[in-house]
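**Q** This is what each chain is made of:
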Amino acid sequence: MGHTSKFLKITAMFGFIFLYAPIVSLIIFSFNESKLVTVWGGFSTKWYGALFQDPQILQAAWVSLKIAFLSATIAVVIGTIGSFVLIRFKRFRTKSLLSMMITAPLVMPEVIIGLSLLLLFVAMQNLIGWPGGRGMLTIILAHSTFGAAYAAVVIQSRLVDMDLSIEEAAQDLGARPVRVFFDVTLPVIAPALVSGWLLAFTLSLDDLVIASFVSGPGASTLPMVIFSKVRLGVSPDVNALATIIIGLVSLGIIVAALQINRSKKQGADR
Amino acid sequence: MSAVSKLPGGRFLGRFLEKIGFGGRSLVIAVPVFWLLLFFLIPFLVVAKISLSEAAIARPPYLPLWEWEDGFLNITLNFGNYLFLLDDPLYMSAYIESVKIAAISTFITLLIGYPMAYLIARSSPDNRNILLMLVILPFWTSFLLRVYAWIGFLKGNGIINNLLLKTGIIDEPLIMLQTDFAVYVGIVYTYLPFMILPLFANLVKLDGSYLEASADLGARPITTFFTVTLPLSISGIIAGCMLVFIPAVGEFVIPALLGGPDTLMIGGVLWNEFFSNRDWPIASAVAIVMLVVLVIPIMLLRKAQAAEAEAH
Amino acid sequence: MTESTSSIAQKPWADPNAEPFMQIKNVTKKFGSFTAVENVSLDIYKGEIFCLLGGSGCGKSTLLRMLSGFETPTSGQIIIDGQDQAGVAAYDRETNMMFQSYALFPHMSVEKNIAYGLKRAGLPKAEIATRVTDILSLVQMDSFAKRKPHQLSGGQRQRVALARALVKKPKLLMLDEPLGALDKKLREETQSELIKIQESLGVTFVVVTHDQEEAMTLSSRIGVMTEGEIVQVGTPHEIYEYPQNRFVADFVGSVNVFEGRIKEDGEDHVIVESRDTGSDIYVPHGISGVEGQKVAIAVRPEKIEIGKTELENVRNSISGTVDEISYMGNVTVYKVVLDSGKRVRVSRSNRIRSTEDALAWGDVVHLGWAGTAGVVVTS
Chain A
35 MGHTSKFLKI
45 TAMFGFIFLY
55 APIVSLIIFS
65 FNESKLVTVW
75 GGFSTKWYGA
85 LFQDPQILQA
95 AWVSLKIAFL
105 SATIAVVIGT
115 IGSFVLIRFK
125 RFRTKSLLSM
135 MITAPLVMPE
145 VIIGLSLLLL
155 FVAMQNLIGW
165 PGGRGMLTII
175 LAHSTFGAAY
185 AAVVIQSRLV
195 DMDLSIEEAA
205 QDLGARPVRV
215 FFDVTLPVIA
225 PALVSGWLLA
235 FTLSLDDLVI
245 ASFVSGPGAS
255 TLPMVIFSKV
265 RLGVSPDVNA
275 LATIIIGLVS
285 LGIIVAALQI
295 NRSKKQGADR
Chain B
80 MSAVSKLPGG
90 RFLGRFLEKI
100 GFGGRSLVIA
110 VPVFWLLLFF
120 LIPFLVVAKI
130 SLSEAAIARP
140 PYLPLWEWED
150 GFLNITLNFG
160 NYLFLLDDPL
170 YMSAYIESVK
180 IAAISTFITL
190 LIGYPMAYLI
200 ARSSPDNRNI
210 LLMLVILPFW
220 TSFLLRVYAW
230 IGFLKGNGII
240 NNLLLKTGII
250 DEPLIMLQTD
260 FAVYVGIVYT
270 YLPFMILPLF
280 ANLVKLDGSY
290 LEASADLGAR
300 PITTFFTVTL
310 PLSISGIIAG
320 CMLVFIPAVG
330 EFVIPALLGG
340 PDTLMIGGVL
350 WNEFFSNRDW
360 PIASAVAIVM
370 LVVLVIPIML
380 LRKAQAAEAE
390 AH
Chain C
2 MTESTSSIAQ
12 KPWADPNAEP
22 FMQIKNVTKK
32 FGSFTAVENV
42 SLDIYKGEIF
52 CLLGGSGCGK
62 STLLRMLSGF
72 ETPTSGQIII
82 DGQDQAGVAA
92 YDRETNMMFQ
102 SYALFPHMSV
112 EKNIAYGLKR
122 AGLPKAEIAT
132 RVTDILSLVQ
142 MDSFAKRKPH
152 QLSGGQRQRV
162 ALARALVKKP
172 KLLMLDEPLG
182 ALDKKLREET
192 QSELIKIQES
202 LGVTFVVVTH
212 DQEEAMTLSS
222 RIGVMTEGEI
232 VQVGTPHEIY
242 EYPQNRFVAD
252 FVGSVNVFEG
262 RIKEDGEDHV
272 IVESRDTGSD
282 IYVPHGISGV
292 EGQKVAIAVR
302 PEKIEIGKTE
312 LENVRNSISG
322 TVDEISYMGN
332 VTVYKVVLDS
342 GKRVRVSRSN
352 RIRSTEDALA
362 WGDVVHLGWA
372 GTAGVVVTS
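Residue numbers (our numbering), protein chains in the order written: chain A, 35 to 304; chain B, 80 to 391; chain C, 2 to 380.
Worth flagging that the hints you see were computed from the coordinates, not collected in a lab. The reader is advised that the hints may include incorrect statements.
Unchecked claim - Rough simulated footprint, nothing fancy, chain A against chain B, three-plus residues with beta-carbon under 8 Å:
#, stretch
1, 156-167
2, 224-230
3, 320-329
4, 359-371
Stated by the list, open to error - Only pairs whose alpha carbons sit at most 16 Å apart, straight line, appear in this in silico EDC-like list of lysine to aspartate or glutamate:
#, chain 1, residue 1, chain 2, residue 2
5, C, K26, C, D82
6, C, K26, C, E230
7, C, K113, C, D82
8, A, K124, C, E72
9, C, K120, A, D217
10, C, K113, A, D217
11, C, K172, C, D85
12, C, K172, C, D143
13, C, K304, C, E242
Even glycine gets a Cβ: it sits at the ideal position worked out from N, Cα and C.
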């Protein structure tokens with residue numbers, strides 16, 4: 035076994051270096067004095083300053099945050115109801131349809147989702163005059179839909195693991211189904227709701243392709259702005275932006291991990 | 080007895096609603112079903128419809144599929160878009176190229192991802208959580224920025240070339256950016272977590288005593304791997320491969336940023352038809368054909384996931 | 002002692018005029034083509050601790066879940082305190098359940114867990130507070146009111162689960178394997194405590210268990226279940242001493258079964274000719290059978306005497322060879338092979354330390370039992 039584990043360790047080490055080297059270099063060169071992103075010219079934070087004076091980026095970041103917040107919230111609501119219905123309700127006519135529709139967005143190429151939603155919005159606009167042009171609203175609708183699919187994965191696995199008799203106990207003590215859901219189910223799966231929300235939030239913040247399709251003039255998200263900048267070549271203020279995003283995400287992950295750990299501890303001791 | 084059922088008629092009203100098929104249950108079910116029908120399933124029908132209509136310089140840029148003419152419903156189905164896809168070698172080669180690039184990168188991802196997943200699954204629970212977190216963390220950071228990072232790595236005066244030049248391994252910078260090689264690197268890099276996670280979920284369930292039993296019966300580690308571990312993890316392998324392959328086929332951002340002018344992938348073709356040529360019917364036809372190409376991988380994935388769920 | 006317990010002491014099930022508190026009438030439950038509970042009828046009286054005893058998958062839990070309203074019978078009727086329970090949802094039933102996993106709400110403190118049912122019933126705050134305090138002191142958990150379930154030990158959780166189910170003063174308390182998750186020593190302590198609490202509150206208990214010892218100590222009566230049916234109902238004494246069929250005899254305690262045919266069917270006795278023993282067996286109670294009918298005689302291992310010399314004062318006697326000896330501390334179990342090849346299990350309590358004349362492998366021994374020791378069981 036000695037050779038095998040050594041081989042494994044070396045491969046895994048290279049794998050992790052592969053995963054992290056680009057990210058680390060992004061961070062390092064965000065503090066580079068030189069405009070040449072890959073040649074070190076001394077420490078500086080000037081690109082962060084430049085970033086915060088770029089109205090286009092600030093505007094786009096604000097738009098992206100608003101979209102991500104709203105779409106993650108809608109995604110969790112739909113994902114929770116969908117998961118609950120699929121896991122807890124024994125049989126209903128649309129069950130397999132719902133199960134298919136809620137998992138399919140996970141494996142659909144983004145270009146297809148983006149195109150199909152755009153064509154829907156155009157068709158609906160012609161038919162009923164809604165959603166009234168493309169922009170933030172259409173991006174939110176699109177992101178909620180695929181965010182719900184991701185949130186549902188997380189929430190479903192928590193619901194499956196949950197001890198059913200807790201819900202039955204609440205019913206036995208006189209709580210009607212709706213009450214059971216709010217008093218018992220929701221608090222118990224709360225950690226999954228948090229991670230589902232965070233997942234949907236970051237996915238929305240991250241999405242370029244779908245947003246490009248369904249967005250209209252005036253609603254540029256952060257990835258759209260970055261993409262157009264990056265297409266012209268590397269620029270150090272994008273590195274600075276990347277560093278900020280990576281920092282925020284790591285913070286979020288740590289908070290979420292602590293949450294999950296805490297709820298696991300409760301689960302294990304129970 | 081609860082208060083509501085004590086109200087005269089309270090229970091009667093509930094039963095009445097149930098009888099006409101509108102219990103609280105149906106209402107609850109209706110919310111996600113309606114949402115996903117509207118924003119997921121119906122859009123595909125719209126795409127299918129538009130793929131059959133004729134392009135036009137109009138708003139929206141296609142002709143209607145049906146019209147009322149003198150009281151008759153006039154339906155014009157136009158298969159010309161599909162014939163056009165078959166006719167122009169650009170589309171065919173883009174499909175083939177996409178599938179080829181996706182397949183090769185999937186295989187490389189498996190080669191890198193399997194040992195990593197195996198090591199994580201076999202490490203102590205504390206280390207396991209940390210390693211797993213290290214795999215997931217990049218997945219949560221911006222995809223676009225991670226691809227962007229590779230530009231700095233691969234370009235002519237980028238980090239890799241600088242390193243190699245300084246150490247004297249090469250005399251001239253290698254051309255890596257804007258090649259298919261860069262696209263492979265980009266796909267393997269961004270989709271590695273998608274491969275590791277399902278593999279890990281599978282391997283962590285593999286009882287260590289199987290391996291001990293195999294060793295006890297005289298199998299060397301390599302034999303044990305090929306006769307015990309690999310067959311038991313096959314559904315995890317399929318799930319991981321499909322989770323990489325399916326999105327990689329339709330990938331747009333990676334070839335757009337890292338690929339060169341010769342890199343032809345179908346996601347980019349669709350994008351250009353839509354944004355540059357404004358030919359919505361052709362873009363729709365391209366999407367429909369891509370879906371057809373992906374039907375088998377998607378079914379494979381569902382089967383593998385069902386097998387995984389059963390083993391759980 | 003309350004009135005209800007004294008009425009239990011009067012064995013209401015033996016009184017044809019007594020009114021049962023809960024009636025299960027011809028209840029059947031099918032899941033698809035699988036029949037989980039088949040045509041079960043049962044009367045349970047006020048103040049009883051009634052145990053449903055059976056192996057896993059025998060339908061006992063399904064029956065319990067029908068009583069509490071989580072499953073609906075496919076056919077049949079459940080009547081509790083004169084009210085038909087058909088169409089009454091779990092949350093509207095005046096019964097409560099203590100779950101096998103305890104099912105304490107992990108996000109609520111002990112007192113919030115216990116108060117939950119009272120809040121649903123819409124009781125005033127002050128009353129809820131007193132009732133929670135009272136029940137906490139009854140189960141001796143007063144000092145843990147603010148704890149969360151994950152901060153409690155297994156035994157403490159069990160008490161909280163019991164308190165939560167009892168605090169609503171249900172007409173009927175269902176307990177699903179109430180002591181199953183506790184270790185042996187704690188289980189024995191808790192058993193007697195459970196009986197004390199039941200007596201002081203006078204609530205009728207229906208207990209589901211697979212543990213025959215638990216059923217014997219706890220219950221006023223036991224219903225033995227197998228394959229969805231109740232095969233015998235009786236007091237622990239009746240179940241053990243007079244099993245009606247081979248399943249009950251075998252499931253509750255261990256037993257030797259001798260096959261045979263009725264040779265003589267008298268008014269007050271039966272003589273059975275058995276090839277297993279190579280002799281006739283005498284049973285001092287009549288049965289409704291015909292001569293020549295195949296029957297079996299069940300004899301408990303501890304009712305058989307064993308010795309190197311011919312035994313006196315036994316109605317039935319046979320001989321064989323000691324094949325196996327298992328020393329268990331309080332008893333020693335001998336497996337004796339008869340001439341017919343039949344193996345007989347005999348247990349002897351070790352009242353005195355083993356002596357010189359202790360039996361050894363290969364010894365030829367005499368076995369015997371009093372006429373009253375055997376019971377005829379129908380297969």
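**Q** Indicate, hint by hint, whether the structure satisfies it.
**A** These are the hints, each one checked on the structure:
Beta-carbon proximity to chain A at under 8 Å applies to 0 residues in the stretch 156-167 of chain B; the threshold of 3 is not reached and the given coverage is violated. Only residues whose beta carbon comes within less than 8 Å of a beta carbon in chain A count, and the stretch 224-230 of chain B has 6; three or more means the coverage holds. Counting residues of the stretch 320-329 of chain B whose C-beta sits closer than 8 Å to any C-beta of chain A gives 6, which meets the bar of three, so the coverage hint holds. Only residues whose C-beta sits within less than 8 Å of a C-beta in chain A count toward coverage, and the stretch 359-371 of chain B has 6 of them, enough to reach three; the restraint holds.
Between the alpha carbons of C:K26 and C:D82 the distance comes to roughly 14 Å, so the proposed pair stays at or under 16 Å and holds. A C-alpha spacing of about 13 Å is found between C:K26 and C:E230, which places the hinted pair at or below 16 Å, so the restraint holds. Between C:K113 and C:D82, the direct Cα distance comes to roughly 29 Å. Violation of the 16 Å bound is thereby established for this hinted pair. Our distance criterion of 16 Å between C-alpha atoms is met by A:K124 and C:E72, whose separation comes to about 13 Å.
Between the alpha carbons of C:K120 and A:D217 the distance comes to roughly 12 Å, so the proposed pair stays at or under 16 Å and holds. Our distance criterion of 16 Å between C-alpha atoms is met by C:K113 and A:D217, whose separation comes to about 12 Å. Proposed proximity of C:K172 and C:D85 is supported: the alpha carbons are some 14 Å apart, at most 16 Å. A distance of roughly 25 Å separates the Cα atoms of C:K172 and C:D143; the hinted pair therefore is violated under the 16 Å criterion.
The suggested pairing of C:K304 with C:E242 holds, with an alpha-carbon distance near 11 Å, which does not exceed 16 Å.
The structure shown violates the earlier hints numbered 1, 7 and 12.
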